[in-house]
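J.: Sequence:
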Amino acid sequence: MACLLSACSPRLMLVRSVADELASQGQAEEEDLLLAREASAFYLKLSESLLRQTPGHLALAESVAGGFTQYGYAFVAFEADRLESRDARAAQALRQRAARLYLRAHRHAMAALEQHHRGAFLQRLQQSSAGQPLPPLPAEQVGVAYWAAASWAAYISLSKDKPEAVADLPLALRLAELAWATQPAHGEGALAGLLATLEASRPGGKARRAETLFDQAIAAGSGRNAGALVGKAETLALPAGDRAAFEALLRQALAVPGQSLGNQVMRQRAQWLLDSADDLF
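Per my numbering: the sequence shown = residues 1 to 281.
Hints should not be assumed to be uniformly reliable.
To be verified - With a cut-off of at most 30 Å between alpha-carbon atoms, the simulated DSS-like pairs for lysine-lysine come out as follows:
no. : residue 1 : residue 2
1   : Lys-160   : Lys-45
2   : Lys-162   : Lys-206
3   : Lys-162   : Lys-45
4   : Lys-206   : Lys-160
It is worth saying that the hints were derived from the structure and are not from the lab. If you're wondering where the values come from, they're calculated on a predicted model, not measured in any experiment.
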């Protein structure tokens with residue numbers, strides 16, 4: 001038994017060491033968006049494999065869930081939007097693939113949260129709708145919770161034909177609010193932007209609160225969060241028919257510096273939306 005344990009321990013240490021490195025690399029910037037796309041598939045598969053061996057590794061779970069969500073949005077769902085006017089059937093196929101990637105991300109993030117809450121996290125989240133208190137969320141779990149909620153909301157947005165998926169929207173909102181209660185400035189405004197989008201999307205949502213949350217997201221980003229600007233343009237200015245505000249927000253997004261995957265993709269989306277403004281208004 002001692003021999004077996006001594007053989008197992010170094011292997012587990014090695015797995016955790018590689019998991020730590022992959023988690024840190026998941027936050028790195030990449031100037032070449034095409035290279036990022038080509039490298040993502042291998043990185044995600046390797047990280048996912050290691051996560052299955054270290055299910056309690058929060059940083060790796062956050063990286064994997066964020067990676068699948070960003071890949072689905074940046075390289076699949078966004079392509080579907082651009083393809084829609086030329087080939088609706090191909091666009092729908094891409095959206096179905098994006099939905100599967102979002103669901104995959106969500107499952108990984110929720111599995112990590114369940115691991116740290118003794119298998120009762122989702123149950124307590126569901127019980128909170130009946131007046132029970134939300135489960136406590138330590139600061140180190142906010143990143144995983146953010147991607148769990150973001151991927152969940154993204155999946156729901158592409159599953160409008162599935163009532164059981166749409167019915168989970170209040171749970172996604174509750175999860176985002178739980179993360180917000182612990183660390184409202186998480187992700188340089190990314191969490192506030194997610195809450196703003198969910199507020200605007202939910203039945204009975206208040207545009208004024210959504211606008212306040214978007215403004216908080218923009219302020220928290222200190223000019224480094226293109227996603228909050230694009231989100232406010234698409235979620236509030238476009239439905240309101242305010243073309244001047246729509247275009248002003250998108251031009252601000254184009255001026256955001258930084259080579260993170262999120263900002264690069266959002267700058268591309270901002271330019272595409274500006275180019276499509278005549279068709280949108």
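J.: State for each hint whether it applies.
T.: Verification of the supplied hints:
1. Between Lys-160 and Lys-45, the direct Cα distance comes to roughly 28 Å. Compliance with the 30 Å bound is thereby established for this hinted pair.
2. Between Lys-162 and Lys-206 the CA atoms are separated by roughly 24 Å; this keeps the pair inside 30 Å, and the hint holds.
3. For the hint linking Lys-162 to Lys-45, the alpha-carbon distance of about 28 Å falls within 30 Å, and the restraint holds.
4. About 21 Å separates the Cα atoms of Lys-206 and Lys-160, which keeps this hinted pair within 30 Å; it holds.
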